[in-house]
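Protein chains in written order, with my numbering: chain G, 1 to 383; chain E, 384 to 766; chain X, 767 to 948; chain C, 949 to 1130.
Just so you know, the hints here were simulated from the structure itself, not pulled from any lab data.
By construction, the Cβ of each residue, glycine as well, lies at the ideal position given by its N, Cα and C atoms.
Nothing false has been slipped in among the hints.
Partner residues are not named here, just some residues of chain E that face chain C (Cβ under 8 angstroms, in silico): (1) V520; (2) M539; (3) T540; (4) F566; (5) P611; (6) F613; (7) D614.
Now the in silico label distances, taken between C-beta atoms and shown as ranges: (8) V125/G with G1011/C: 35 to 43 angstroms; (9) M1015/C with D91/G: 41 to 49 angstroms; (10) R709/E with S70/G: 48 to 56 angstroms; (11) E109/G with E503/E: 21 to 29 angstroms; (12) D452/E with A881/X: 26 to 34 angstroms; (13) S70/G with M1015/C: 17 to 25 angstroms; (14) R326/G with R748/E: 52 to 60 angstroms.
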Amino acid sequence: MRTLFLRFPRQARRGLLAILTFLLSLHAAGSVAAELEPELGSVETMETPGAHWFMTIGFMGGGNIFDADSGEMKGRVRVSDYTSAVSLDRDRGMIYVPATFYSRGTYGERTDLLVFNDVENLDAVAEVEVPKKLAVVFHRAVINPIGERFIGLYNMTPAMSVSIVDVENRNFVGEISTAGCGFIYPLPGRRFMQICGDGTVQVIDLNEDGEESARRRSRAFFDIDEDPVFDLALAKKDGWVLVSFEGKVFEVTVDGRNIDVSRPWSLVTEEQAAEGWRVGGDQPFTYNDETRQLFALMHQGGPDTHEDPGTEVWAFNVDTQRRGYRFELEEPSGVIEVSRDADPLLYVGSGFPASVQVRRANTGRLLHVIPETGLTAGHIQAF
Amino acid sequence: MRTLFLRFPRQARRGLLAILTFLLSLHAAGSVAAELEPELGSVETMETPGAHWFMTIGFMGGGNIFDADSGEMKGRVRVSDYTSAVSLDRDRGMIYVPATFYSRGTYGERTDLLVFNDVENLDAVAEVEVPKKLAVVFHRAVINPIGERFIGLYNMTPAMSVSIVDVENRNFVGEISTAGCGFIYPLPGRRFMQICGDGTVQVIDLNEDGEESARRRSRAFFDIDEDPVFDLALAKKDGWVLVSFEGKVFEVTVDGRNIDVSRPWSLVTEEQAAEGWRVGGDQPFTYNDETRQLFALMHQGGPDTHEDPGTEVWAFNVDTQRRGYRFELEEPSGVIEVSRDADPLLYVGSGFPASVQVRRANTGRLLHVIPETGLTAGHIQAF
Amino acid sequence: MNMLNKLHAVLWSGLDGRITRGTRTLAKRVSRRGFVSRLGTLLVGTGALPLLPVVRDAAAATGIPEMGDPQSCDYWRYCAFGGNLCSCCGGTHTSCPPGTELSPVTWVGTCRNPADGKHYLISYNDCCGKEPCGRCYCHRTEGDKPIYYPSKSNNILWCFGTDSHAYHCTVALVLSETDSPG
Amino acid sequence: MNMLNKLHAVLWSGLDGRITRGTRTLAKRVSRRGFVSRLGTLLVGTGALPLLPVVRDAAAATGIPEMGDPQSCDYWRYCAFGGNLCSCCGGTHTSCPPGTELSPVTWVGTCRNPADGKHYLISYNDCCGKEPCGRCYCHRTEGDKPIYYPSKSNNILWCFGTDSHAYHCTVALVLSETDSPG
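All chains, please: the whole structure from these sequences, using the hints.
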């Protein structure tokens, strides 16, 4: 048997040529006119993600990073089967990935980590072990930065808590019990908000060591049984926008020790509500604070259809509290996301295999479709 | 917030009831008329697989075990991302699974194992570490029993070798270099066959300690460039049936020290060959030695289409060397398998998500379709 | 006809006429907010439909009257179900498949039994420790709440208190009768 | 129209007319005998088609004349390709995506360059260490041999000599000119 393996030491051109000569001398399939310099493979690096980059995460394709302007995939950050979101740190050039691994795939010894991937090489450069409590909920807000130096990780065992990691010193700081309240929605300073089952939000402050220094609750402004807010909150400069199953919009503003919850307005008119229009999906709405535009996936359905995909996209201005455009989707979509910059793009995911529509957010105009963003639409995380 | 977690110690009925009472007292949603004994969950066990059972392995659904008579799934044996076949040991009540794991999913420390799963509980009861060389080729013959006590595991680094595991003593015995020859096709006694790139087959004998005691080659009977045999061989009592890309059928019979290769016959007539009919697929043919029937997926195509799926199934008798029935498939299929018993069922896999057609092998008549056997058809392994 | 229905129709058209019933459950998206599906349970919706026209015996240990097919997402106990039906995976609607572990911590739903018109508190216990079974995906959101209210949320992998939190499938146990839909 | 074509048509019909070209490669089954696909590369065939009508610059370091789109399975260098095109995954047809490792051991094919009519020996190097990219799946079997003849088999994951043998995608390097298709 003629063996024909190419073995060349990485980047060692000379070695390759030596072997290649050997190889070609063995190659019985034809005489060879080898004048050519053989090509050497290489490995790309990645630039810092731009404002129009996003990552898809879902069934397969988890961690694939795209540039929505060019439509090209830029690379893939490694995630675990249980990772549902990552945190991009442009200043440090890192992507932090919460990850759970078993020594035997689905069984054996469990290890929970925050993995530090450098943006340039999209490779793991450090990891910090954290308590084996990372929440297995498919949600964007299981990881977020808190202040300049800390990362919060949402735990559920099912007791709820938050693990704090110091990304400067790369160590686990401690765990904060947050019974009754979930997620990590960062606020200016070393502070984050949570949503609580009793109809309030909770704000927790960290001191400069990453330990809890203060905690307070808002007034109760929703009823978990009557009309709960979605667990997805939308970032604004000094707080978060919340939307209820029935489409009520609350603005939560945190100013010093004060937690202000605005009077709600509604995404749907009484007439639209009567027609059954409501918000729904896996990632059912998104918000750009620069343009103050909120985009929601809308469908017609009854109570408990808060996870049904949208047949239309409706765009709102949260200052005027009025709807701008609406458009119908070819296929229902459960996933919508908008970039965070002043000239935003809107991303609508659907399909099996999944693709992402890239649209001009101001007009809803379709720019292009990025195919094969994952097997199912999963979630889209704007960078 | 009202917490409502049910925590009951496994099988501890009393504990459950105590907690349940607590829970019900908390359950604000309505008063409760609790006279009922609450149901307790349980865990099934599995019987020894019957002659009409099979396992699907492929993208997702890997390791799902079905009873083709009832159409029901019976359980799932855990496999690794790199497992492509298992070995069922009815006598010991074990399913042996070759598995490769990384400590960080796709990176980190690599561990290669033969995992012993007991059939009754479909759970890992032991593992034997083997050299980190397990072949990553998606093929049935990467694992097979050799004699009563040994399991052979096919390695590729890309150097080819076979690791031997003693399943009685549960230890790694050693590694046998098999340069130029691949796979493990067991023969009566402690003996296995391999297919070699030089157009021969190789037979290796083990002694009672699992070490190589003899090795010999057949005459060269095919040409790797002109018309290679597929790497899939079909078991007969005293040897193996091989099929070439062009549809030539060879019977290899091993008798003592003698390796006899029969004169080939052809699956296609000259007329059919002129029409472009040829064998193809991922698992393109199968054979039942009790009825001496060979089943092939056939399509019309040119050279190098040996992996194209079949549009028809053709059934042959290897004694008469003539075709029995043929039938057309609704959708092309690349995967066919037949049970090993005297009243065989034929399995044809296709679709995305995949399903398996269960047919009476003697007639080709469709009995039923088992849906959701995996995401892609993958392979079907008859038990 | 939505996308998944279309997909289903294309994939299985003509193969077996009986496989078309139940397609309406396909409209339910692949979920637990995509997590179960992410891990492989995307063999969407209608599930492994019964091959034989037998009425499965769903007689409960509790002795309550029963009707319906536990391999169908429409079965009454599944009103707040999210995941793969264990009855399609080598288990039953009350038992885990071999080699998996019954999670002792669950979420609950309140479902109406059509056989007696009464409401029952149902515990949805995940069976854990293997990859998703991938069959009979069923997602219903009656009374489902957001994740920050876990006891009523089916968007959580409920493999707590088990050796591994890998999700395989889910059973539906009757805990008690209850007066009203909670 | 085969099943995958149908699937494709259903899934993407109407979304973007430009996405229909290249569908004929769909007829190629998900393979490396299903292994690459098993690991996740089943986003079948046609691949991530170019969004913009630009002709990509495939100028080789070798200086040989080039034509064709390295993001298309039809590109001449891919005549014995099996896997995901790295050019759709954050790499190019000659470079691995960030954070993956170029396998030093490969299988080879002999492909005809339409720009000069000459045949070239092509090395297919897998880029390793991450899960499959899942885009631009391309499987061609010109000159492909069975697995027991590894150097000419694309049914093997060629991540040898790398830190991890997880398969991500594949590049196609020109090694030399050769006189005839081997």
